[in-house]
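Here the protein sequences line up with chains D and W, keeping their order.
Using our numbering, the letters of the first sequence correspond one by one to residues 1 to 345.
Using our numbering, the letters of the second sequence correspond one by one to residues 346 to 796.
Don't read these hints as lab results, they were simulated from the structure.
Note that CB positions come from ideal geometry on N, CA and C, so glycine has one too.
Warning: the hint list may mix true and false statements.
What follows is a set of in silico ranges between Cβ atoms, one per label pair, in the way DEER data are often shown [claimed, not checked]: (1) Ala19/D x Glu534/W: 50 to 56 Å; (2) Ala699/W x Ser250/D: 53 to 59 Å; (3) Leu52/D x Arg467/W: 47 to 53 Å; (4) Arg467/W x Ile11/D: 19 to 25 Å; (5) Phe222/D x Ala661/W: 52 to 58 Å; (6) Phe144/D x Pro681/W: 40 to 46 Å; (7) Glu479/W x Ala174/D: 41 to 47 Å; (8) Phe144/D x Ala485/W: 33 to 39 Å; (9) Arg249/D x Ala422/W: 43 to 49 Å; (10) Glu442/W x Trp129/D: 45 to 51 Å; (11) Pro681/W x Ser250/D: 34 to 40 Å.
Stretches of chain W that chain D covers, calculated by requiring three or more beta carbons in the stretch to come under 8 Å of a beta carbon on chain D [said to hold, decoys possible]: (12) 479-487; (13) 645-652; (14) 755-763.
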Amino acid sequence: MRRRVNPAAAIGLLLAALAFSVVLGTAFGTVSIPFGETLRALLSRLPGAGWLGAGVRETTTTIILAVRLPRVVLAVLVGLALGVSGTAFQGLFRNPMADPYLIGVSSGAAAGAALGIALHLDARALTVWVVPLMAFTGATGTVFLVYRLARRGNRVPVADLLLAGIAVGAVLSALVSAVTVFSQRDLRQIVFWLMGGFSGRGWDYVLAVTPYIVAGTAVLGFYARDLNALQLGEEAAGHLGIEVESLKRSLILAATLATGAAVAASGVIGFVGLVVPHALRLVLGPDHRILLPTSGLAGATLLVLADLGARTVVPPAEVPVGIITALLGGPFFIYLLRRSRRGGV
Amino acid sequence: MAAKAPQAVRAPGFVLEARDVSCSYGGADVLHQVSLGVPHGAIIGLVGPNASGKSTLLRALSRALRPRRGQVLLEGADVYALPAAKVARLLAVVEQEGLSDLSFTVEETVLLGRFPHLSRTRREGARDWEAAREAMRQAAVLSLSGRLVGELSGGERQRVSLARALAQEPTVLLLDEPTSHLDPGHQLEVLDRLEQLNRAAGLTIVVVLHDLNLAALYAHELVLLTSGRVLARGTPREVLTSDNLRRAYGPGVALASHPLTGDPQVTLIPGAEAALAPAGRSGLTIHVVGGGGAAAALIEALAAAGHDLSAGVLNAGDSDWRLAGALRVRLVEAPPFSAIPEDAHRRNQAMALAADAVVLADIPFGHGNLANLRAVWAAAEAGKKVILLEKTPPGERDYTGGQASRLYAAIRRSAALVAGDEREVIEFIAAAESGPGDRPWPEHGTGPGVG
């Protein structure tokens, strides 16, 4: 008999952790605001709780609500998208090493963004949205291309998806490298974008990505039980009444919209979509009805904390969030790997 | 079992039916126009050697491999047109590979069998848990319910796989070698339970079995496949004849009978293969010229001895042609009951020239098939080793007014060997194979030469 953590307790714990990290993330920064004051400022915006805001300074409220909170909320959304999509991809590919970027979201987004930055399209189009839009288009377009390349008749074997993803990814990485090398003036900006971060993101970003991430993760959650059945193998899942090819299509579409929006808003943040689902599977077992929500919550919490770290490690400079997640995720992953090799998963 | 006649409760027609099903995995067909009707309440065993297409047929029946041609009907409706969920409520499958290293518990895995009965919004209810527990009881895995599937042995996983399928509460159960990882005790246990479900609940079962003895004991009807075609079907007694076994499995599988039930059982004869084909499976390439059934015994014997065969020119539809097709012999064919066309003759001659040896069956010669004799003559002229099977004198088989006899005599003069029956043909070839390397063929009329 395998002992697992009680799922309800895990969800409760993760919700509390997320709430705590959100308050923490808004309290700390270049200027630290006392925890209690932060909490009061946040809660004062809830209906009927306006009296809590009494005594909080106007500038403090502005910093918290207009500068820090949108950035924290965006981190929550991006973490949710990466955690849930990572879980879905690991389930779809039946491989614990899969992550949401596996079939081209990251390389496509990077190529789109790098081109946008290097060609100064934002200045020409007079809108800051050009780079995110190009990243989103690159991400979704690449996945579509990979999917088409892997298609054989009316089937899309996951092994072919993986290989096509690797091939297309290699070509796009070369393109990004070339763009980076030949546009030295923009090198720093491109590298910063590639590493990912939430610096300077306001409510407009939150509004722009919310529909994609909420809809995408909701669809993935809808297919939780199908993902469970898929663990028996594609043919066996078919025998249980699942239209496997259309399931694959829906999962890939939903995950791509969610992660595409996430990447467009915050760059390529690695390791969250890989480590979070993997770790939770070890602790909570393989049921996607539990894994999907917990991975979303844990991914969100992790990213809020990683962003907090990015802002506070070497103030006033900011470290790209991707560096923080890789620094934390890499060793943790090695730990998981050694543990599972020793004790059996 | 209640004393009701099973025939009386059967619905008319078949619960599951394959009609002229041809399947391929992208390349050449591995199943050739196979038809199979499965009546309600039957236990049908699919048997045959490796790569005979039995698993492919099962996959086609289970909606996992869409046939290239033909139809699969489940209760009269095309399964590939039905929604997967509807099929899954009627038909469950136990796959050959079984379960991989899942970190689901046995109970969770079996409960997945309830998937087709659940709506999107409903979680598993009391009814589903009950069905899962019953399925686990039937597959004897109840005691494993809390264990992780990844920690189980191959045999235990096979039983969990069966429990998952039973939890679907299907009308038809398809199984691909469900006992391959089981010890004899568990093999009997699983098959006994399946038979019990068949009798008590009327579960219709189609099962691929490697083990002919188990198949003979449990199946009501057997379908013997070779090379993607049905070689024989009927009761185990009708199908498991020594003739069929030799055709399907070669000479090493012999027939016996069960000491208690009298059902046909097979025993294995070690070395039989080697005795008939000294050089083993890497036998010679032999071209057989026949037609009309005169070469059937010859083709069978040569194929059983492990030689690589080609044959020509055979009229489509005759019994030589049918056998050659079933044995996957490369062949040149002509339309039924017609003279040999020129291009067929040329291909026949090319095959004869490409072979290590050419064997001419004792066919009657008419103007229509004189080209066959010409092909053999060309091979003899080219220095090919030629064996003439001569059960009846060639003069009595000549319906060409002497033309064939003259050609035949010319072939005989060119150092051809003459065999009185199939056994002698095999011996001539065996002698050629086991002879010293520099002298692979007994020289006609010169005696054993010493270099």
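Outcome of range test on Cβ distance (Pro681/W, Ser250/D; 34 to 40 Å): The hint (34 to 40 Å, Cβ to Cβ) is violated, given that Pro681/W and Ser250/D are roughly 53 Å apart.
For the pair Ala699/W and Ser250/D, does the Cβ-Cβ distance stay inside 53 to 59 Å? Roughly 54 Å apart at Cβ, these two residues keep to the hinted range, so it holds.
Supplied distance hint 50 to 56 Å, evaluated on CB atoms of Ala19/D and Glu534/W: 54 Å Cβ-Cβ, so the 50 to 56 Å window holds.
Mind checking the hinted window 33 to 39 Å against the Cβ distance between Phe144/D and Ala485/W? Since Phe144/D and Ala485/W have Cβ atoms about 49 Å apart, the given range 33 to 39 Å is violated.
Is the distance from the Cβ of Glu479/W to the Cβ of Ala174/D consistent with 41 to 47 Å? Once the Cβ atoms are compared, 58 Å apart, the range 41 to 47 Å for Ala174/D and Glu479/W is violated.
Assuming the hint says 19 to 25 Å, is it satisfied by the Cβ distance from Arg467/W to Ile11/D or not? 21 Å Cβ-Cβ, so the 19 to 25 Å window holds.
Arg249/D paired with Ala422/W, Cβ distance criterion 43 to 49 Å: 25 Å, violated
State, for the Cβ atoms of Leu52/D and Arg467/W, whether the hinted interval 47 to 53 Å holds or is violated. 42 Å, violated
Verdict on chain D covering the stretch 479-487 of chain W, criterion of 3 CB contacts below 8 Å: violated (count 0)
Assessment of proposed distance window 45 to 51 Å (beta carbons of Glu442/W, Trp129/D): 50 Å, holds
Given coverage of the stretch 645-652 of chain W by chain D, tested with a Cβ cutoff of 8 Å and a minimum of 3 residues: violated (count 0)
When you take the CB atoms of Phe222/D and Ala661/W, is the distance between them in 52 to 58 Å? The hinted range 52 to 58 Å holds for Phe222/D and Ala661/W, with Cβ atoms some 56 Å apart.
Hints 3, 6, 7, 8, 9, 11, 12, 13 and 14, counting from the list given before, are not met by this structure.
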